[in-house]
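A.B. asks: My request is simple: use the sequences and hints to build the entire structure.
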Amino acid sequence: MANPRIQAVCGFGCGSSLMLRMKIDSILKQHGLEAFTFTGDVGTCLANECDVIFISNELAERIADRARVPIVVINNFMNTKEVEQKVLDYYKTLEQ
Amino acid sequence: MFTLTKRQINIIELMIQSDDFLTADCLAKKLNVSSRTIHNDIHTIELFLKNYSIRMEKTPSKGMRLAAERGSIEKILNDVHGNHNRDLDYKERRILVYLTLLLNEKVSYDMLCGICHSAKQTAVNDVNDVEQTMIADGLTLHRKQGYGLYLSGEEYRFRLAFEKLVYALDSRSPVLSEIRKQIGHVSTEELKAGIQEVTNLEFKYDAVTDLLMAYFVYRNSLNKVLTDGNPFRNYLDTNIESSLSALQYQEAETLYLCKIISNSLVSQLPLSREQNVGERIAGELIEKLDRIQKIGDKETLRKELTVHLDSAISRMDNNVSVRNDLLEEIRMSIPLLYEFTKKEIISIEKKYGLEFNENEIAYIAMYISSAFESSINFEFKPKVLLVCTFGMASSQLLKSRLITNLPECEIEGPLSIEQAKQYLQKNSADLIITTVLFETDNRNILVVNPLLSIQEINAIRSSLLQLSYKNSCQSFIASYKKEQNTVLAIKDIVAEENIQITDKEYHWKEAIQVAGQPLIKAGSITVSYVNRMIRAVEEYGPYMVLVEGVAFVHAGNNDGIYEDCSSVLVLKKPIRFGDRNVKKVNCIVVIGAKNKDDTNLLNLAYIFEKQKNRLLLEKPTITVREVLEMNGSIGNDELIHCDHTEVNVDCSDWQDAIRAVGNLLVKTGDIEYGYVEKMIQAVKDMGPYIVLMPGFALAHFEPCAEVRNTSVSLITLNKPVEFGSVNDPVNVVMCLACTDKSSHISLLSQIAEKLLTEGYLERLARCTDRWQLYQIINE
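Chains A and B are the protein sequences, given in the same order.
Position 17 (the first sequence) corresponds to 17 in this note's numbering; numbering is contiguous.
For this note's numbering, count along the second sequence from 1 and bump the result up by 96.
Each hint should be verified, as a subset may be incorrect.
[Claimed, not checked] Simulated crosslink set (BS3-like; lysine-lysine; CA at most 27 Å straight-line):
id, chain 1, residue 1, chain 2, residue 2
1, B, Lys815, A, Lys29
2, B, Lys522, B, Lys277
3, A, Lys81, B, Lys850
4, B, Lys617, A, Lys29
5, B, Lys587, B, Lys617
6, B, Lys605, B, Lys669
7, B, Lys850, A, Lys86
8, B, Lys669, B, Lys715
9, B, Lys763, B, Lys477
[To be verified] DEER-style ranges, computed between Cβ atoms:
id, chain 1, residue 1, chain 2, residue 2, range
10, B, Ser729, A, Ala2, 46 to 54 Å
11, B, Gln707, A, Glu61, 56 to 64 Å
12, A, Ala2, B, Asn814, 47 to 55 Å
13, A, Ala2, B, Ile841, 19 to 27 Å
14, B, Glu773, A, Leu33, 52 to 60 Å
These are computed hints drawn from the structure, not numbers from a lab.
C-beta atoms are modelled at their ideal positions from N, C-alpha and C, and glycine is treated no differently.
C.D. replies: Structure follows, in structure tokens:
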């Protein structure tokens, strides 16, 4: 199976989403997982081709009903445990 | 024997070099004369060429060329070079025109034609060309119908111009004899005999000196007497000056005469060194300066410096001392450029076996400084904020007066006190002019009367001058150090026992005394050195505040100093420094420079210029150890600029917090205020997702026109605020502004890495002063 495309999303695709993406990258590396990660803004993220969207709690509801890919909600972008857990959970769904 | 003028020979040479036909117009252009003059010359050349049986080939549409064999051309060249009556080139001709006007009270174009052997159109052109120089020399040229041409201006202008022109000539130039002919009736013998009698010196008078003396006698005979001797005062040999006073000329005339003689003394003594040493030193100096600041007009500077250095070198070789009344003022008012010049001269002079004294160095520093100042970008447009609570009429009047008097400024206002306070939250101002008492932390405030008196305008001007001086100092220090490789710390320069920290509020004079105390104790300086430093500030104003908040004081090396030394006094409570144009300082640095190769001033100024160090000076708990450790490293890994941090900010809600953190970037011009509003609107639209982790919010918007530079600011809050997020409450807020979607990635990733460190955010939140915060962010 091809590497998943992970999109980290915030309001503008350049500030907090970047931080989230970096966080995800470091976790993937730690676990020897591979993926294509990139950032997006909440307005256009649904038009970007991807396999999963990582997004904050507040923004999630804005896209939840329209999204055609799984959405992972992150409360604390900087919390390694939370992000790690959610990334690994997502990879588990891929195995099924 | 048939002789050709220099120009005619030039024409022949040009014709030989060119295989093709040449037109008279083209020759006229090349030789800077009218084509009429060329035609006259060609006529003479044709007569001359008859001796060699060479014909000038003239074709109406093409021009002229020589019809000759190579062999016979070489013969012509040999002949003309061995034996010609030297004619004037363009430069000499203009000098002759100018000199003729300086010598005669009435000059006609015909007369100039006769003197210069040129056609009338050439004479007219020459006069026009030289008029600009006259204006620059302070003389006015009059063209009076039916009378002729004449010059008017102050007498010293005549003398200076005459002297300048004569010195510009080659000692063999025919212009000298031509000019001497024009004042042939004036005898200098009596004067020379008188000088010999009173000075007991045997002079050999060269043609130039003789001419200058003749001019002196001639002008005095016309009763055109100098009233102001100051323009001639600086290059004097004082011994000669006192002897000459026995000749009983007016004081100003004596000074002038003394200058002529001193110069002649120098020029007649043999030059033992190679000719172009002055030029080479000038070249090296300019190269050094150019690395710090690109020099606009290098060629002019090179010429001026070479002329000065040549005469300085011959003065030195012949032990002629110059007096420089300006030395003290130069050292005080342009200390950095003076130190720079001194340092560079010392590194250069040994190569040439020279040793410049301080007077000479100060002169050279003046050239260097003026070149530097005219070359730094004058993009600096001071922003002036006008605060006024009077009725519209008087405040508008005040504004229009300011606009007319200070065209170089950008004037904002008039604003009321309340408006001004709001304005200053979002904007910066270099100077605040107010008609009412107005309290802010901005150091540059001037209170004026709405009708704006002359004195007040002068005070504003002086304040602006100080601003631009500060700018040029900082730009010099900043670029100077880029050239240096070693990073020095205070401890490398100042001994621990010479550093003091006080929380007393001294008067500035007292503060200088306290600062100098350890050095007196150590026997490095005397009390009179300290008094001299105080007097220097009284006389020259607070020029010595080279870096914001830091005053560098020193006196001369004969004012009671035994060795190189320096001391530092840190004032926890800032004091007002100086009696005029007061500046606030929180640090006084005493520089004792005994040896001339001491560069402590430059090194210390560089260290204190660093913002991190100035911030440390503001820290209430600063220690001597911390002062000793201050260094000049640039800190490439500075993540957040210290101007972009603030601790314990009082904010009532999350919007307030975003404004506070955003305004730090607005103040430094990195973003416009519109960006702050957009950040707030974004949270309103999309919710508090910017609270990325408990206690921390990252305010930002997308790249847009309001962002000038990619930048980051950070504040800690006095009381946490609620964003309505699961991660509330927030007590650290960061603001991110980027110009595009990638320029900030590495910056942000470094910050993110820190934020992810366990306990990091708590450490930030606990900071009690900016210095601590800055340290933790950039550690």
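A.B. asks: Please list, smallest to largest, the hint numbers that this structure does not respect.
C.D. replies: 1, 2, 4, 11, 14
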